[in-house]
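Each chain is listed here by its residues.
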Amino acid sequence: KAGVTQTPRYLIKTRGQQVTLSCSPISGHRSVSWYQQTPGQGLQFLFEYFSETQRNKGNFPGRFSGRQFSNSRSEMNVSTLELGDSALYLCASSLDGGKGEAFFGQGTRLTVV
Amino acid sequence: QQQVKQSPQSLIVQKGGISIINCAYENTAFDYFPWYQQFPGKGPALLIAIRPDVSEKKEGRFTISFNKSAKQFSLHIMDSQPGDSATYFCAASTGGFKTIFGAGTRLFVKA
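Chains as they are written, first to last, in the working numbering: chain A, -17 to 95; chain B, 790 to 900.
For the record, the hints were derived by calculation from the structure and aren't laboratory data.
As the structure is a prediction and not an experimental result, all values here were calculated from the model.
Any given hint could be a false lead.
Unchecked claim - Simulated crosslink set (DMTMM-like; lysine to aspartate or glutamate; CA at most 25 Å straight-line):
#, chain 1, residue 1, chain 2, residue 2
1, B, 831, B, 868
2, B, 846, A, 83
3, B, 831, A, 78
4, B, 887, A, 34
5, B, 804, B, 868
6, B, 794, A, 57
7, B, 804, B, 820
8, B, 804, B, 842
9, B, 887, A, 78
10, B, 847, A, 83
11, B, 857, B, 815
12, A, 39, B, 815
13, B, 804, B, 845
14, B, 857, A, 64
15, B, 794, A, 83
16, B, 831, A, 57
17, A, 39, B, 873
18, B, 860, A, 83
19, B, 804, A, 57
20, B, 887, A, 83
21, B, 846, A, 78
22, B, 887, B, 845
23, B, 804, B, 815
24, B, 860, B, 820
25, B, 887, B, 820
26, A, 39, A, 64
Said to hold, decoys possible - According to the in silico footprint, chain B covers these stretches of chain A (three or more CB under 8 Å from chain B):
#, stretch
27, -10 to 2
28, 29 to 42
29, 84 to 94
As the list claims (entries may be wrong) - Some chain B residues near chain A, calculated using beta-carbon distances under 10 Å:
#, residue
30, 795
31, 797
32, 831
33, 849
34, 871
35, 872
36, 878
37, 887
38, 889
Don't be surprised by glycine CBs; every beta carbon is placed ideally from N, CA and C.
Based on the provided sequences and hints, a complete structural model is requested.
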């Protein structure tokens, strides 16, 4: 069974640009959550999608958005990038989210210069 | 109220010793408490999880102790090995499908 796949693994962008990250969950999993991981703030919840609907979101500005497709693949977009957006972005998939085991991808390392 | 406080920030243990990491929460709506292990360059991996209707759960060398009244839970790693050296995160979630993570504990097991 393939694991959670995140692409790209590494990304360098310039301030003001926008970026789209992709996450393919484990086959059969319908919930995808996104997290931002930084040394200073730890793992912070961005949002969670289930069956193409956002069910919950964290305390991030509107520049951070996401979506989920009918095949459960998810993308997150960050517009007008700031230096502080440099982080490891992780997605996690689970069968139904919340109370079940979540499997994380290896993350996308975003560097904003 | 949504925070999960984790301590210590870092921990050094001798091989064969017991590693203990503690977490505390405020929100009594949390009803699922997983622990994750993360190695450098990898995403977190679920280690063990507990629900508040039990006070202890053991899987191999890893044990979660849960104190519902004190709103605290802890991870014990028995017979710690150098391969256990990693960052450990406690977490808590509710039916709202939102998981809150602790700040992480960097464990180093000395050979």
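Hints, one by one, checked against the model:
1. 831(B) with 868(B): Given that 25 Å is the threshold and the Cα spacing comes to 24 Å, the pair holds.
2. 846(B) with 83(A): Between residue 846(B) and residue 83(A) the Cα gap is close to 16 Å, so the pair holds against 25 Å.
3. 831(B) with 78(A): holds, 23 Å
4. 887(B) with 34(A): Within the cut-off at roughly 16 Å; holds.
5. 804(B) with 868(B): Since the Cα atoms of residue 804(B) and residue 868(B) sit roughly 7 Å apart, the hinted pair holds (cutoff 25 Å).
6. 794(B) with 57(A): Answer violated: residue 794(B) to residue 57(A) is near 30 Å, above 25 Å.
7. 804(B) with 820(B): violated, 33 Å
8. 804(B) with 842(B): Given that 25 Å is the threshold and the Cα spacing comes to 33 Å, the pair is violated.
9. 887(B) with 78(A): holds, 12 Å
10. 847(B) with 83(A): Status holds; Cα separation ~17 Å.
11. 857(B) with 815(B): holds, 11 Å
12. 39(A) with 815(B): holds, 20 Å
13. 804(B) with 845(B): holds, 24 Å
14. 857(B) with 64(A): Judged against 25 Å, a Cα distance of about 41 Å means the pair is violated.
15. 794(B) with 83(A): holds, 21 Å
16. 831(B) with 57(A): Since the Cα atoms of residue 831(B) and residue 57(A) sit roughly 20 Å apart, the hinted pair holds (cutoff 25 Å).
17. 39(A) with 873(B): Outside the cut-off at roughly 33 Å; violated.
18. 860(B) with 83(A): The given pair, whose Cα atoms are some 22 Å apart, holds under the 25 Å limit.
19. 804(B) with 57(A): violated, 42 Å
20. 887(B) with 83(A): holds, 13 Å
21. 846(B) with 78(A): holds, 23 Å
22. 887(B) with 845(B): holds, 23 Å
23. 804(B) with 815(B): Given pair residue 804(B), residue 815(B) is violated - Cα atoms ~34 Å apart, limit 25 Å.
24. 860(B) with 820(B): holds, 11 Å
25. 887(B) with 820(B): This hinted pair holds, its Cα atoms lying about 11 Å apart.
26. 39(A) with 64(A): holds, 20 Å
27. -10 to 2: violated (count 0)
28. 29 to 42: holds (count 5)
29. 84 to 94: Since three or more residues must qualify, the claim that chain B covers the stretch 84 to 94 of chain A holds, with 6 doing so at under 8 Å.
30. 795: holds, 9 Å
31. 797: For residue 797(B), the interface hint is violated, since the closest Cβ of chain A sits about 14 Å away, which is over 10 Å.
32. 831: holds, 6 Å
33. 849: violated, 17 Å
34. 871: violated, 23 Å
35. 872: It is violated, given that the least Cβ distance between residue 872(B) and chain A is near 19 Å, above 10 Å.
36. 878: holds, 6 Å
37. 887: This hint holds: residue 887(B) lies near chain A, its Cβ roughly 4 Å from the closest one there, short of 10 Å.
38. 889: holds, 7 Å
Figure legend: structure checked against the earlier numbered hints; hints not met, in rising order: 6, 7, 8, 14, 17, 19, 23, 27, 31, 33, 34 and 35.
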